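K.L.:
The chain contents come next:
Protein chains: 2
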Amino acid sequence: MLLCDIGNTFLHFYHKGKIWKEKPYALTKKKEGLPIYYISVNERFERCLLASHSYCINVNEHIELKTQYSGLGVDRKAACRAVDDGVIIDAGSAITIDVMQEGIHLGGYIMPGLESYKKMYADISRVLGRDIEPGVDLTQLPQNTSDAISFGVLKSIILMIKNTSRTKKLYFTGGDGKFFARFFEDAIYDNTLVFKGMQKALQKHI
Amino acid sequence: MLLCDIGNTFLHFYHKGKIWKEKPYALTKKKEGLPIYYISVNERFERCLLASHSYCINVNEHIELKTQYSGLGVDRKAACRAVDDGVIIDAGSAITIDVMQEGIHLGGYIMPGLESYKKMYADISRVLGRDIEPGVDLTQLPQNTSDAISFGVLKSIILMIKNTSRTKKLYFTGGDGKFFARFFEDAIYDNTLVFKGMQKALQKHI
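Chains as they are written, first to last, in full-length UniProt numbering: chain A, 1 to 206; chain B, 1 to 206.
Hints were generated in silico from the structure; no laboratory data involved.
Not one of these hints is a red herring.
What follows is a list of derived Cβ distance ranges for each label pair:
1) A:Lys168 - B:Ala51: 52 to 62 Å
2) A:Lys200 - B:Asp186: 43 to 53 Å
3) B:Phe179 - A:Asn60: 31 to 41 Å
4) B:Glu102 - A:Lys18: 56 to 66 Å
5) A:His205 - B:Lys178: 45 to 55 Å
6) B:Met1 - A:Glu185: 55 to 65 Å
7) A:Ser70 - B:Leu138: 17 to 27 Å
8) B:Tyr55 - A:Tyr25: 53 to 63 Å
9) B:Leu138 - A:Lys23: 30 to 40 Å
Treat the numbers as computed from the prediction; the structure is a model and nothing was measured.
Glycine residues also receive a C-beta, built at the ideal position from the N, C-alpha and C atoms.
Please model the complete structure; the sequences and the hints are all you need to start from.
P.N.:
Now the structure itself:
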């Protein structure tokens, strides 16, 4: 079984324990006859997959999660399905932070992803168009523009995660998940979280 | 004396205790012969002012501040000059947070402004293009997309300001300054902070 998670920047694939990403307009041809079970938050990129592969099955509706939240993205649902208790941080184009307790989703929120922040500062003023410096000292007040921006982005995301986590276990996933995980003790980084949740949900149906 | 602060969205004017803003390409004609003392962080908008008024004096270099920070915007310098002890939050196109102690600037950082956040979410995905809801409950985990975005933006900015302020007095200024001030007890909102600092600095020179 080949699994695929169609996001807002990449398509992520999972097959036999391997995970890889592909750009929507440069998809490689997958093995003939191997069905692709996919979830999607992006219709345009979904059409890219469908146009190039014959056996694609949209399983969005099979990813069920106990929650009061209306309009929860299917990728968030899948990642949350993989964790019964903890905070799930998916750091990609956007950063989503969700809380699970005894198999129930308690709610969550959305921050912009690192790339979006970078672009946003550049849009405000040419002077602010800087890279986010991963090594910026978050314990000292910044003394230049570059640090001032990196500090503003990273510390605000980290304070939010700390404020949400309290005593809960943290699970990081997504492109920048590994980077953020290192700011927290005992955090787990697992880039297959969405696929683990998909598998768990699909076992019931397929 | 007419004062002007040229920012990245508007030109703010100050005359005899009155303050108002104008768009760079729709400037009203000021009284003939009245000199305009201005500071500017935007060369393009500065040219708009110079093209339409004869007596304009750039006073950027007169706004001095004791600081180790390199590249501090002149508007931040001016606002900081107005406060000897406290945290200065200028919430405009960007949100700058600066700390003053005994007349010395200890450092500061930059977050995106509310409008930028809104635009940034919309750029990530059409689904995320929502208004920031000022009344969102910041004590409960959000249960829908709109709240999830407002919570992510507002709570992260507020947590950062709280983390910086500790026991210091908070001074808010800028277009969204009044809005943010209401989240903090005993906060001061003063939309003339930049001009007060300009006046203080200019008294030495003019």
